[in-house]
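Quick one: dock chain against chain with the hints and give me the complex.
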Amino acid sequence: MSSITGHSAIDELPSGDGRPPLDADKAGTGRLGDRIFGGLATGSGIFVIVLVSLVGVFLVIQAVPSLLNNNANFLTSREWVPSGADPRFGIVDLLWATVITSILAMAIAVPLGVSVALFITQYAPAWLSKPAATLVDLLAAVPSIVYGFWGLSVAGQYFDSVAKAIDAVLGWIPVFEFNGSPIAKSTLAFAGVILAIMILPIVTAISREVFAQVPTAHKEAALALGATKWEMIRTAVLPFGKPGVISAAMLGLGRALGETLAVTMLLSALNASAAFSLSIFGGGETFASRIANDAGEFDSAQKTGAYIAAGLVLFILTFIVNAAARVVIERRKAFSE
Amino acid sequence: MAKRIDVKDLNIFYGDFKAVEGVSLTVEPRSVTAFIGPSGCGKSTVLRTLNRMHEVIPGGRVEGKVALDDQDLYAPSMDPVAVRRTVGMVFQRPNPFPTMSIRDNVAAGLKLNGLKNKKQLDEVVEKSLKGANLWNEVKDRLDKPGAGLSGGQQQRLCIARAIAVDPQVLLMDEPCSALDPISTLAIEDLINELKSQFTVVIVTHNMQQAARVSDQTAFFNLKATGQPGRLVEVDDTQKIFSNPTEKATEDYISGRFG
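Protein sequence lines, in the order shown, are assigned to chains E and B.
Okay, so the first sequence: first residue is -13 according to this note's numbering, each after it adds one.
Okay, so the second sequence: first residue is 6 according to this note's numbering, each after it adds one.
One chain only, chain B, in its complex shape (with noise of 0.2 Å):
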């Protein structure tokens, strides 16, 4: 299962003051999607609002309309944690949780949705493990903390962490940011694989990154210095890449920003 995700309008906010303004996008389902552009220009602020994180920091509130398939995740009527379960995310730095074993860890989200059978339990830390291609490395140790696992494993355990649950949407926050390049092959692999099942948005410093994954790019860029960020444009992949439309885009992927 995936579901299309509609952003309309969106002005995000951290108190008074305006962090993002007036995106609007069209995220199909069983897509990669990434997000570039310089630092502090919104994109894992757009990002986190696409599950309502962003509304876990003081201050932090939208405007606008995000909605997943014709759902609109910000209606008054919509229970942030039910979102959260349906659209899942795996941080910058890899997070597991540090007092549980590797099992634990997978199963996480499983037992805050009440599953307690341990055979289903098992059968899909395993399902969930292998689609994180990190079961044939733990296999022999799940009973060992998550913590103890390499950089690299420890975010494919919290990919794994993020899939148990069968969201429809899967957001990722620079994964690879805090990895070397031969886990970020991994990850990358991992993520070319995950879009036949999840819809897949991701934000990434890493242009290169970007051009490897997605299927279509969206450029994020401050007007000015103290001015909210805002989308500058977003379409394929390819077109961006090879033909982008504004001249902004272009500098930025040629590295001649400014």
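Just chain E, with the same shape it has in the complex (with noise of 0.2 Å):
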């Protein structure tokens, strides 16, 4: 309920005793459409934890014996050969290409959907501020496989001078190294480009929503004080917006981590000998990429289970991601209203 605009009405209902609301409240009569209704609700909601639950049980079931039988170490290894009498393999790669990959996508995309949900809220004229939404949320539509394809075919073709660009200036530091191999459309960098692209709608329509609810009441108390349009937008908008733009951030990062198709027509594996390379113009693959890529060879046990722990690490990693979101969520919350 909080997730939102971090406020909810029954925040600010005496708890009593710190019951969970559904016991406190006394408004469920009994009859036949409280019982077939709050039935209905409360069956939808057990059916999701049990979900998400057994998804998390299977993951791990399916994953621990191939994990026993690894003779490298899961986490720090370099190695994928998880098959036969000797299976050596590690996430160490994978982890990396799907978190740089993850991080530069929400880099780019976070502050310019905040700019242009606060553009359509805030700046746009009435007449323009709807169908550009609308144009935003279209985005959202758009299958990954188009996003691939026209990362490949069309955009990829221009990433190769700003990646250029990018190593003329800063090439010093390891991680924007660009040497050209792979080609520039097949970096982690472009991927991430792509990623930015695609979770862009996500983080721009909840923005929009959060920012459009900001009571005119504060935004005129910013004026009043004598506030630029800007600084009344950095006293009222962002303040009030921030538990939304972070949950928005969150969904959008969930989409990242696990975004399969256009991620994997777009990177270019890595050599098996290849040197681990901090650099994000080089390639490699995400745990989801991996597991698309090696999609038809999975025909032992123990070879499945391998991949299975990779997608469980990629479960646990969101997992992370979302509690700490929640935790600095609450931690605010007192402010929030």
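Heads up, some of the hints might be wrong.
Stated by the list, open to error - Derived pair list, reagent style EDC-like, types lysine to aspartate or glutamate, alpha-carbon separation capped at 16 Å: (1) LYS228(B) / GLU251(B); (2) LYS215(E) / GLU60(B); (3) LYS215(E) / ASP84(B); (4) LYS228(B) / GLU238(B); (5) LYS23(B) / GLU60(B); (6) LYS13(B) / GLU251(B); (7) LYS116(E) / GLU195(E); (8) LYS116(B) / GLU217(E); (9) LYS70(B) / ASP14(B).
Read the hints as simulated data drawn from the structure, not as lab findings.
A quick note: this is a predicted structure, and the numbers were derived from the prediction, not measured.
See below:
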């Protein structure tokens, strides 16, 4: 309930002995309509919780035997030979590629999405704001294969000069080193850019919703103090919208971490013997693209388990990120009305 | 510091709709002027033109003259932001910034003005909260959220926030309409103190309140339904409530409206 604005009416009710609202609520009458709707809602809630738990349990059950057979360190090894008499596999490369592409995507999409949302809600004239919002929402409806294809065949060719420019200025930092192999459009950096475009509509749509909810009273309070428009946004709009923007970023990050098809199409997989590189202008595979690339070869339980273990890491990673965001939002709850 | 307000032949529009017509009045420095009248007659609209908050509403514009001492607030060279820093405003519903602590709420305007020195900020925060008769109630919890105070305290917090930037004029748009009688009394006492430093203009629906706090009262009314609002009469409060010139005023204050 507090996920979008950090505010919910129920939070302001005296909580009595701190029981959850469901117990404290005596609004249910036991009439047929109440019982049916209450039952449906409760059932749906329980269904989702059970479903997520079962996914977790499934991943663990499938992954554990393979992990026990693993002769390399799962967390620190770069090898990936998941089957045979001497299975050796680790996730360092996958984790790095997944995290760096997602961070890049967030670094681009969050500021951009928040700016677009501010434009739509605070700056755009009324006749423009609705169509602009609809257009951005349409971005979310584009299938990811289209992004992948567009990236490869159209946008990618321009990224070479971008990569060279960044290398020329920042190339002395290992992260930004670009040596032309693989070609620019097959690098982690470009995958991050495409991911950013893909999560942009999510970030924009949710940010837009919260910014539009900022009470006029708060905006006028700032203006009446002699705030300029930008100062008004900084004083009233952004602080009010912060929990919503964090939620938006987390949803976007969830998609970026798990996005498969576009990333698989773009990224050039590394040769198993290639040296580990920190550069965002290197190739690699994310958790999702590795699983997709090799999905045709799941011929033994041992091998499948190794890939599922990788999927489990993705699951846990997403969980940690979401939990961290929740902590940030909750900690400021008293200050969000 | 306090300044005189001169309004002359003021017409106020929302887009093409003329909401208020032909208002002329003078507000003396260090006095309290009350705007009374039925709902929808344009009192708040007139109030909002005095610090150019009216034009924040899409389509809002004015014709005529509003001057602070001899400075035309609507001169082309006049920056509305600068006007609002000179003419402070308190709204109908208490609206402290929900994401800020009590201290930061009071300091918000100062920070907009670029004041960063923490010691100076603390001094002004204390002075303003004292000026708003709130200091004793909140001095031990300045870092708690402003939204956690009671309604009356929140409104006094908003007054503290408005006077912290040391405005020339303080506008109050029905500041007590969301408050209980005790909180209302606290605000009225405060208005009496504030007028030693500021020029105060207050919109109120409560005629007793107008009689209690103001030196001068302006009665607004609609010409007819669908017609623009206008200023019927402005005079000393005592005269308005004992012996008004216009019949409409007498009808309104004696409850025989219509």
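So, going through the hints one by one against the coordinates:
1. LYS228(B) / GLU251(B): Holds - the C-alpha atoms of GLU251(B) and LYS228(B) are around 14 Å apart, at most 16 Å.
2. LYS215(E) / GLU60(B): Holds - the C-alpha atoms of GLU60(B) and LYS215(E) are around 13 Å apart, at most 16 Å.
3. LYS215(E) / ASP84(B): 13 Å, holds
4. LYS228(B) / GLU238(B): Given that 16 Å is the threshold and the Cα spacing comes to 13 Å, the pair holds.
5. LYS23(B) / GLU60(B): Holds, because 14 Å separates the two Cα atoms, which is no more than 16 Å.
6. LYS13(B) / GLU251(B): 20 Å, violated
7. LYS116(E) / GLU195(E): 12 Å, holds
8. LYS116(B) / GLU217(E): Within the cut-off at roughly 10 Å; holds.
9. LYS70(B) / ASP14(B): 7 Å, holds
Comparing the model with each earlier hint shows a violation of hint 6 alone; every other hint is respected.
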